[in-house]
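So you can see what is in the structure, the chains are spelled out below.
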Amino acid sequence: MSSLDRIAVNLIDEGHSEMVRSILSEVVSLLERWVKKGEPGQLDLKSLPLSAADSQLLEKALGRGEVTVSMDVMGNSQMIETAFSGVWYVIHRDDQDQVIVKQIEVVDIPAIIFPQPSEVLSALGRLKLEVDKIHNN
Amino acid sequence: MSQLKRNNSQISETFVDHLEQHGVSRRGFLKFCSSMAAALALPTGSADVMAEALSAAKRPTVIWLSFQECTGCTESITRSHTPTIENLIFDFISLDYHHTLQVAAGHQAEEARDMAMKDAYGKYLLIVDGSIPTKDGGVYSTIAGRTNLSMLEEAAAGAAAVISVGTCAAYGGLPMAKPNPTGAVAVTDIVKDKPVMNIPGCPPIGLVMTSAIAHFLTFARLPDMDELGRPKAFYGDSIHDRCYRRTFYDQGLFAKAFDDEGARKGWCLYELGCKGPTTHNACATMKWNEGTSFPIESGHPCLGCSEPNFWDAGSFYEALSVPQGRVGETVLKAAAVGVGVGVAAAALNRSNKSAAVEGRETMTVEDLKKES
Ligand code: SF4
Ligand code: SF4
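Chains A and B supply the protein sequences, listed in that same order.
Going by the working numbering, 109 is the number at position 109 of the first sequence; the sequence numbering is gapless.
Going by the working numbering, 11 is the number at position 11 of the second sequence; the sequence numbering is gapless.
Just chain B, with the same shape it has in the complex (with noise of 0.2 Å):
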């Protein structure tokens, strides 16, 4: 038999001893490991890799940080009662704080954080939901009286990295919007000198947050970004371009109501206001409850959820003023190409590793290696 069938083999033994401890066998942990790789994007091999990584990991100390939100992140991330495999992530990561999820309360939880804290220090990664107050000294939002401010400030300088959960830690959302009463805003308005990725939707897909981490586990730095903070991977492209519903968009069938034809027939729905042009988001293809579909599946246009500003980006039912082009830049342009290797990938290319890609080369495992 072949090496080459075999090359997941090289997964720690006593790993998955302590895995199988758990109730998860190997191929179980390879599983898991194939669903992170293929939600990353990452090469063919790349499960394997990510298997060994894991496998070799020290648990790092994660700190899980809430302040204005409404707790939809973490519900997205934990939103099922039994365990299913993405939630396998926290075998890996020692959650030291998470005010709704620990057992401790009052100052035994804090005194949790400050010796989590204290042992990582310079090593944990610290997770962040909610915007940050900034008013009136940040008075608007306290946690064992102290407030989101100076608490973000302490937890962010012993951090390797940070993760920004959800719209409102990414971007100000629902806080911020206007007349934004309590000086809401995001994480980045705060933290200025660490590395800080964007994992915006209101409320993120709980995926895209355990792939993430994932990555980092995986390759000790967080995934390729765009302009916006947010992993390539999931944002890289429009909700527009992964729409089923495309292909009436391009044909001009619009929907004019809720309950006319048109939306019967399932046509696009610009006109009902639709923000999939301008929202980059997974949610067209990773769906939402359980993978059943998501709102333009369910006949409701795009709110632009994982976006800046997205409440105070005029009505959710007024049509985008921008013209769209007809083929977008992406997906269907990439399959419209034709033949070769690359075609599907470039229409995969949501890891956007365009430089391989527009060169029409495949990216290997040892690039990602290297890159890390």
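This is chain A alone, in the form it adopts within the complex (with noise of 0.2 Å):
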């Protein structure tokens, strides 16, 4: 967290923009071509002009849904289903807390969270030496 964060904001109503209905016309657009393709999709959040209360509009139209995935790499990440599954928050920080990718993903899980074969391999390895260790001693 930096020392700016500590400075406080006095955040106005800015009322909100025709932004937050385009948004939700294309994650339905994006989910339709998942079901019916198989196509993964994403949107990014942060390049939109979105006001605080635009934000809110949107996070309170996609609720939360059961499961969020916290990983600690390089900074904070959370993956956050929504209340649709198949549509999830992908939000990613650097170690100084600053959001550096808030999107939303169009999948079943973020392929992200996936580790790779050759990663399980390794496990596989570290874990048998682990387990020996164990019994020898």
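If you're looking for bench data, these hints aren't it; they were derived computationally from the structure.
All C-beta atoms in this analysis are idealised placements derived from N, C-alpha and C, irrespective of residue type, glycine included.
Treat each hint with caution, since some may be false.
[What the hints assert, rightly or not] Here are some chain B residues the structure puts well away from chain A; computed CB gaps all over 10 Å:
#1 34
#2 35
#3 41
#4 55
#5 123
#6 194
#7 284
#8 312
[What the hints assert, rightly or not] The following residues of chain A were derived to be distant from chain B, with all beta-carbon distances above 12 Å:
#9 66
#10 80
#11 81
#12 85
#13 95
#14 113
#15 128
#16 131
#17 137
[Unchecked claim] Subject to a maximum C-alpha distance of 27 Å in a straight line, what follows is the list of computed DSS-like cross-link-like pairs (lysine-lysine):
#18 A:60 - A:46
#19 B:118 - A:46
#20 A:46 - B:194
#21 B:232 - A:102
#22 A:60 - B:287
Hey, can you piece these two chains together into the complex? The hints should help.
Below you can see the structure in the form of structure tokens.
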């Protein structure tokens, strides 16, 4: 957390734009594509001029699902399932807690979560060593 | 488990090992690639392509020359004390000469530059910040007894591409402001026969610089540029079209003084001199100071720092004389269109793959690969 976060920011009510409606329509299209063709999709939220009211409206519309995955790799990342299966919020922060990616991903489970086969193989080797160590002690 | 879900699995193991030795895991690397791909508005799946390409890429030589400048641009790219994910880019390049950052000094430094240029002749990436004085034979700025002009001419001759970082290198900037005592010019006034990309801003945003370099490393070419040589992904829209105060502009609600009620309510700063409508930059969405805010969010009108001649474009506090249309040509118009695939994509169309988006087609990773 940077010291900048300690500066109080007075949020004004900016009203909300048409942007949220467009984003939601886009999410519908992406989910349709995922269902029909199995093609994952994503939508970058960080580059859109969303006011605080817009973000709140969007979050309210998409709601929260049952799954949240937290990942600590060079800063925290969160993959948050929305109330709609297959629609995820993906938020990557850097090691100074700055949001570097904020997007909606449309896929069963965001790909970054899955380990690689080679990693699993190497894990098997390491685990066996660990077990051996315990046996030998 | 379907292959689809695992499509990030082709990253070269040795490269991941190399990163791991430097404390960066494969997921950390993918996170970096995601942030670059998102910043560059590349289509779904590009983060994996980027990861693959970067893991296979040989670290290219980068030579960074600083001329008439204030070092603000270098500060911007290296702005943090702890290494951030953006700084990972330094793992993918071999920064062989940067006179502010390198340890070597004097003859040793100049020798390092000569050697790097010789070894990677025709292949290295040249980055320049600062303008180039040309009056009186260019004597107003010299390094190791050589004028900036001759140094640039020599270094550009062997470069694969040139990136002008900051408004000074891109368009002359402050040193070129009237009466331009040193006869300062932009890089493109000198370098005519190489691809040159401008990343203007006073200073430019660090992530814009790193993403542009990542694009060059991934696709072996510079990203799509506008008529002023700027990557469209970041400079495709005006500040006005990305400004969160835009809703007030559209309602005709303007602050008339810095301390009036309108200012307190966060109304549009147009009448206080905001140059947002004529300025193209990424700060309205990428923001400054660890993503905290950007000038307009802090109550100050945009100065237009990423546009040519912004110092000489009249008072910073006088309203633009050209009346602006009620609805901007890009973002909100696209948003207002309503439904269907590509609407938010059009709003997001910073990379301006306009043909694809206008035709409401989806740009794919394959298309991108084909283009490169
Ligand atoms: S004039 Fe300036 S403050 Fe007003 S909406 Fe445009 S960019 Fe924002
Ligand atoms: S608000 Fe305008 S002057 Fe300020 S950094 Fe952004 S583009 Fe430059």
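Going down the list of hints, with the structure as the test:
Against the 10 Å criterion, residue 34 of chain B falls within the reach of chain A, whose nearest CB is about 5 Å from its own CB. For residue 35 of chain B, the shortest C-beta to C-beta distance to chain A comes to about 4 Å, within the 10 Å cut-off, and the non-interface label is violated. Residue-level check failed: residue 41 of chain B sits 7 Å from the nearest beta carbon of chain A, not beyond 10 Å. Chain A leaves residue 55 of chain B outside its interface by the beta-carbon criterion, the shortest separation being 12 Å against a cut-off of 10 Å.
Interface exclusion of residue 123 of chain B from chain A stands, the closest Cβ pair being 30 Å apart, more than 10 Å. At roughly 30 Å from the closest C-beta of chain A, the C-beta of residue 194 of chain B stays outside 10 Å, upholding its exclusion from the interface. The Cβ of residue 284 of chain B sits about 6 Å from the closest Cβ of chain A, inside the 10 Å cut-off, so the non-interface label is violated. At the 10 Å boundary, the C-beta of residue 312 of chain B stays outside the reach of chain A, the nearest C-beta of that chain being 29 Å off.
Every Cβ of chain B is farther than 12 Å from the Cβ of residue 66 of chain A; the closest lies at roughly 19 Å, confirming the non-interface assignment. Every CB of chain B is more than 12 Å from the CB of residue 80 of chain A (nearest about 16 Å), matching its label as outside the interface. Non-interface call for residue 81 of chain A relative to chain B: holds, since the shortest CB-CB distance, roughly 15 Å, exceeds 12 Å. Residue placement check: residue 85 of chain A keeps its beta carbon more than 12 Å from all beta carbons of chain B (closest about 15 Å).
A cut-off of 12 Å between C-beta atoms contradicts the statement that residue 95 of chain A is not in contact with chain B; the least separation is 6 Å. Non-interface status of residue 113 of chain A relative to chain B is broken: a Cβ of that chain comes within 12 Å, the nearest being about 9 Å off. Every beta carbon of chain B lies more than 12 Å from that of residue 128 of chain A, the smallest distance being close to 20 Å; the non-interface claim holds. Every CB of chain B is more than 12 Å from the CB of residue 131 of chain A (nearest about 23 Å), matching its label as outside the interface.
At the 12 Å boundary, the C-beta of residue 137 of chain A stays outside the reach of chain B, the nearest C-beta of that chain being 28 Å off. The straight-line distance between the Cα atoms of residue 60 of chain A and residue 46 of chain A is roughly 18 Å, inside the 27 Å bound, and the hint therefore holds. Of the pairs offered as hints, the one joining residue 118 of chain B and residue 46 of chain A is violated, with about 42 Å between alpha carbons and a cut-off of 27 Å exceeded. Only pairs whose Cα atoms come within 27 Å are accepted, and residue 46 of chain A paired with residue 194 of chain B is rejected, the gap being roughly 33 Å.
Distance restraint check for residue 232 of chain B and residue 102 of chain A: the Cα-Cα separation of roughly 20 Å lies within the 27 Å cut-off, and the hinted pair is therefore satisfied. Taking the CA atoms of residue 60 of chain A and residue 287 of chain B, the gap is near 25 Å; set against the 27 Å cutoff, the hint holds.
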